[in-house]
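Peer 1: Sequence:
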Amino acid sequence: MVRNERQRNAFSQLFLSPDSRTFREALREVPKIRKGEPLRAPFTEVTEWGRKHPDAPKVSAGTVNKQLGAVQANLQLGVSAQTCA
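Using this note's numbering, the letters of the sequence shown correspond one by one to residues -1 to 83.
Derived by calculation from the structure, the hints in this document are not laboratory data. Treat the hints loosely; a few may be bogus.
Heads up, simulated DSS-like pairs for lysine-lysine below, C-alpha to C-alpha not over 27 Å straight-line [unchecked claim]:
{"no.": "1", "residue 1": "30", "residue 2": "50"}
{"no.": "2", "residue 1": "56", "residue 2": "30"}
{"no.": "3", "residue 1": "50", "residue 2": "33"}
{"no.": "4", "residue 1": "33", "residue 2": "64"}
{"no.": "5", "residue 1": "50", "residue 2": "64"}
{"no.": "6", "residue 1": "33", "residue 2": "56"}
{"no.": "7", "residue 1": "64", "residue 2": "30"}
Pairwise CB distance ranges, derived in the manner of DEER restraints [unchecked claim]:
{"no.": "8", "residue 1": "75", "residue 2": "33", "range": "32 to 38 Å"}
{"no.": "9", "residue 1": "18", "residue 2": "50", "range": "20 to 26 Å"}
{"no.": "10", "residue 1": "19", "residue 2": "55", "range": "20 to 26 Å"}
{"no.": "11", "residue 1": "79", "residue 2": "51", "range": "27 to 33 Å"}
{"no.": "12", "residue 1": "43", "residue 2": "22", "range": "15 to 21 Å"}
All residues carry an ideal CB built from backbone N, CA and C; glycine is no exception.
Given only the sequences and the hints, what does the whole structure look like? Please build it.
Peer 2: Written as structure tokens, this is what we have:
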């Protein structure tokens, strides 16, 4: 039971903390189409590139929400699997 509580707390911190807002904002800096320099760059470099190129088209808010929804679903599945085990 303690383990599930820790997982739920981690889940809450991930989606309700200021860090999650920072992560969401960083996702909004990702270019819609990654060619050239940002193609194989790590996430931090891709977001930096996006900030340096404000005119480049970025991913939409809907795309960011879908990405975060997928992470949330996977975390819930993990918590649920631990509860059932």
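Peer 1: When the structure is checked against the list of hints, which entries are broken? Sort them ascending.
Peer 2: 11
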